[in-house]
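**Q** Each chain is listed here by its residues.
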Amino acid sequence: MNSVAPVVSVQNVSYRYPTSSKPAISNINLEVKQSEFLGIIGPSEAGKTTLCLCLNGIIPHLIGGDFTGRVDVYGADTRSRRVCELAENIGMVFEDPETQLFGLVVEEDVAFGPENLRVPPHEIRGRIQEALNITKLSGFENRETFTLSGGQKQRTAIASTLAMKSSILVLDEPTTNLDPVGKLEVFSVIRSLKEQQGSTIIMTDHNTEHLAMFADRIAVMYDGSIVREGTPNEIFRDIDLLDKIRVPVPEVGRLCALLEREGLFKPDDFTLTEEDLEKKLTSRFQRK
Amino acid sequence: MSSQVSIRTKGLWHTFDNFHALRGIDIDIGLGENIAILGQNGSGKTTLVKHFNGLLKPTRGSVEVFDRNTTDTSTAELARFVGYVYQNPDHQIFSDTIREEIAFGPTNLGLPREEVEKRVEEALSLAGLSGFAGSYPFTLGKGMRERVAVASVLAMLPKLLIIDEPTTGMDYSGLLGVLRMLERLKDPKKSIIIITHDMWFAARFADRLIIMSEGEIIADGPTREIFLREEILEKAFLRPPQPTRIAQKLVRFGIRPDCLSVEELFAEIQRLAGKPWQ
Amino acid sequence: MRYSLFEPKTSFVHSLDPRTKLVWLLTMFSLAVLFVDPLFTMTIFASIIVVMVTSKLSISRLLPQLRAIALVACMSVLLWPIWIKPGNVLVSFGSLRITDLGLFMGVGVAFRLATLMSVGPVFLMTTSQRDFIAGLTHLKLPYKVVFLLSTSFRFLPAVIGEIATITEAQASRGLELDKGSILERFRKRLPILIPTIILSIKSSQNLAIAIESRAFGAYKDRTCLSELKLRRADCVFYVICLSVLAFGFWLRLQGYGTIE
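Protein chains in written order, with this note's numbering: chain A, 67 to 354; chain B, 2 to 279; chain C, 261 to 520.
Simulated from the structure, these hints should not be mistaken for laboratory data. Mixed in with the good hints, there may be bad ones.
Capping the alpha-carbon separation at 27 Å, the derived lysine-lysine pairs in DSS-like fashion look like this [what the hints assert, rightly or not]:
1. 160(B) - 448(C)
2. 250(B) - 345(A)
3. 88(A) - 58(B)
4. 58(B) - 439(C)
5. 250(B) - 332(A)
6. 143(B) - 489(C)
7. 462(C) - 88(A)
8. 231(A) - 448(C)
9. 202(A) - 236(B)
10. 448(C) - 58(B)
11. 231(A) - 480(C)
Only a predicted model underlies this, so the values are computations on that prediction, with no experimental measurement involved.
Whenever a hint applies, use it, and build me the whole structure from the sequences.
**A** Now the structure itself:
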């Protein structure tokens, strides 16, 4: 059997926070392949953030607590490497745009990671330019960070991880605190990272509309466990499960599922894209 | 002055630092109305709403709230009628127990202790927090803290309730909880205004939509009507909810263009499907 | 709202390397502390006025600092003579004697304090925050310290904004900050203080995680994007400052500029 080795492998991981009596995540098993886009959905407190923090070693190194199981990144166990070393491979973008930007201006923030990795200044400049290009922030080098909009801040955070040349990008609810314009900006950057750069992306969200369109695979988390895994089409037609655990079903998907139940749509007709659905409905109506 | 009007603004301008945040706003808000104000960041929606409880005073024009001119009335005085729930509950919560937190507002209004206690109990039950009165608010989840913040404002028995972005950062379950709570609060003698970007939420809660862009009101009317006006919504960088957009594309087959939800659209398709399709 | 004193202008002082300006600051500080003779301290203060003028600083922005300096200077001139008894009496009001020594001290210390209180603002008005941090980094201060400072600059506007929001939120619940006795007004600050502190703690936790995730501390040393180069003007200025400082020390050791 010839299979490409996963770049991230989570094996039977459980974790309990120091101040908590019950585990935040239990028996998580997950694999992510090179250039794959994995979306992790689930309600608040399902353990999505906890899982992300296990990927770059923040758990267990920084937070302590009870950690069992094993996380391998490019074959190396996260328990045996320091967080700052793992950061060379995994770039993380967090939910709050404000507390992950520490530079006075954009350029300084994007340079922070490479400076820590002892990248020489002239190379840092090149990386900054490239990163700002990809995140559509060219020209923002000297903008003060506190004047940026939410969407611009998150894009700067993404640029900062790109400048570190991490091949795996983990984004924990990056658009949750943004307004619709900001959400679109960030998603457009993530999409181009997937389509043009071929990055490996792991992204969590409690909304599902955008992940449904771009993710290769979806893992559904609830109460600390992964309850289902599959392609977006497989996951989002199971509206009973998603309604039960209070995860929003993308509206297009819900309509398709309802139509299938009524016998008006065949299983093949299931789609998550608005344009596709319109075409299918139009052709149905025209045939009548 | 009609006592059916909660708020009336006339020619309201607000300028700070040479920037016109509001350019000539004229609106009336009546009792019993449930309104969503939509628009992008910078459109002036928060600036407008801060005039309703006196946090901001007009640079030009006037604002009357329950027959009081806000220029001459303090925020503390207006707090008797206008409750403002801020977007982040952590900007408000500071007490050791939820009970004390909810009692803060009524106590500031100078009410006697029995009245304060009575209001705290009512607010606890309205927000679904009855079992948690003695809990330490800082250890609760975000959805619960949001409800504590709303309960704290409800205890002041406002005739106008303003909620700033109740949906940001909330998961689906939290959103449904907030919607349910808001439905319970709807009252013909009170007004509720929410500021939001979330079309889905506005579709389910509001009877009337006010759309703002660049300091002006560009649309104001019943929810179903406004959702049909795609060009106006675009100016505010908004789009109608997905089911509405799809319905509009299928109008020529007999589908109502103003479907607000998947359920409504599904019902329409069922109605027209008649004979089984291929 | 302006969060820093810095005014971008073109002047000789503006164009100096931040490290040079730090050396100047330390020199002025040392000289001010070395001497107490009004002639000396006045000269030192006058040199700072010259720097202010050549940097084209706008007096209007400096007003709060100037007022504070004037206040402290007046207090010095008035209080020292009351304190110092020895010397030749110049004037006396009843049991209060004003001696020449007292006045000497009063005026001398006044100029010393004026110097100490004005070098900081002059430095900040002619040096951007970024350059300041770059200067400290290139002076090989421990990076953790420099980072602490630059992060404080970065978050100052955000924290001020949060406090304003919290104040508004609590005012909307009927909190009236300006009424009541001193003790009551103090207690009324709690609903503003507590959320601020809690939000700061949460933010610092997030910050700590974010910093680690960007490889902070991966190696013992780190590179720096901003490259500072000393120009000829900087070197000349360094030499001048150090010479003046050395001369000052020598004068002081010879017994000038002070009293026994």
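**Q** Given the hinted pair residue 143(B) and residue 489(C), is their Cα-Cα distance within 27 Å?
**A** violated (50 Å)
**Q** For residue 231(A) and residue 448(C), compute the direct alpha-carbon distance and say whether it is at most 27 Å.
**A** violated (50 Å)
**Q** Between residue 58(B) and residue 439(C), is the straight-line Cα distance small enough, at 27 Å or below?
**A** Answer holds: residue 58(B) to residue 439(C) is near 20 Å, not above 27 Å.
**Q** Hey, residue 231(A) versus residue 480(C), does the alpha-carbon distance stay inside 27 Å?
**A** Roughly 20 Å between the alpha carbons, so the hint for residue 231(A) and residue 480(C) holds.
**Q** Measure nothing beyond the straight line between the CA atoms of residue 250(B) and residue 332(A); if it is 27 Å or shorter, mark the hint as holding.
**A** holds (22 Å)
**Q** Check whether the Cα positions of residue 250(B) and residue 345(A) lie no farther apart than 27 Å.
**A** holds (10 Å)
**Q** For a C-alpha distance cap of 27 Å, please report whether residue 448(C) and residue 58(B) respect it.
**A** At roughly 24 Å apart (the allowed maximum being 27 Å), residue 58(B) and residue 448(C) satisfy the hint.
**Q** Take the C-alpha atoms of residue 88(A) and residue 58(B), compute the straight-line distance between them, and say whether it is at most 27 Å.
**A** At roughly 50 Å apart (the allowed maximum being 27 Å), residue 58(B) and residue 88(A) break the hint.
**Q** For the pair we were handed, residue 462(C) and residue 88(A), check the Cα-Cα distance against 27 Å.
**A** OK: residue 462(C) and residue 88(A) at ~22 Å, within 27 Å.
**Q** Decide if the proposed pair is consistent with the structure: residue 160(B) and residue 448(C), CA atoms, cutoff 27 Å inclusive.
**A** holds (26 Å)
**Q** Residue 202(A) and residue 236(B) were given as a pair; does the straight-line alpha-carbon distance stay at or below 27 Å?
**A** holds (23 Å)
This entry does not satisfy hints 3, 6, 8, going by the numbered hints stated previously.
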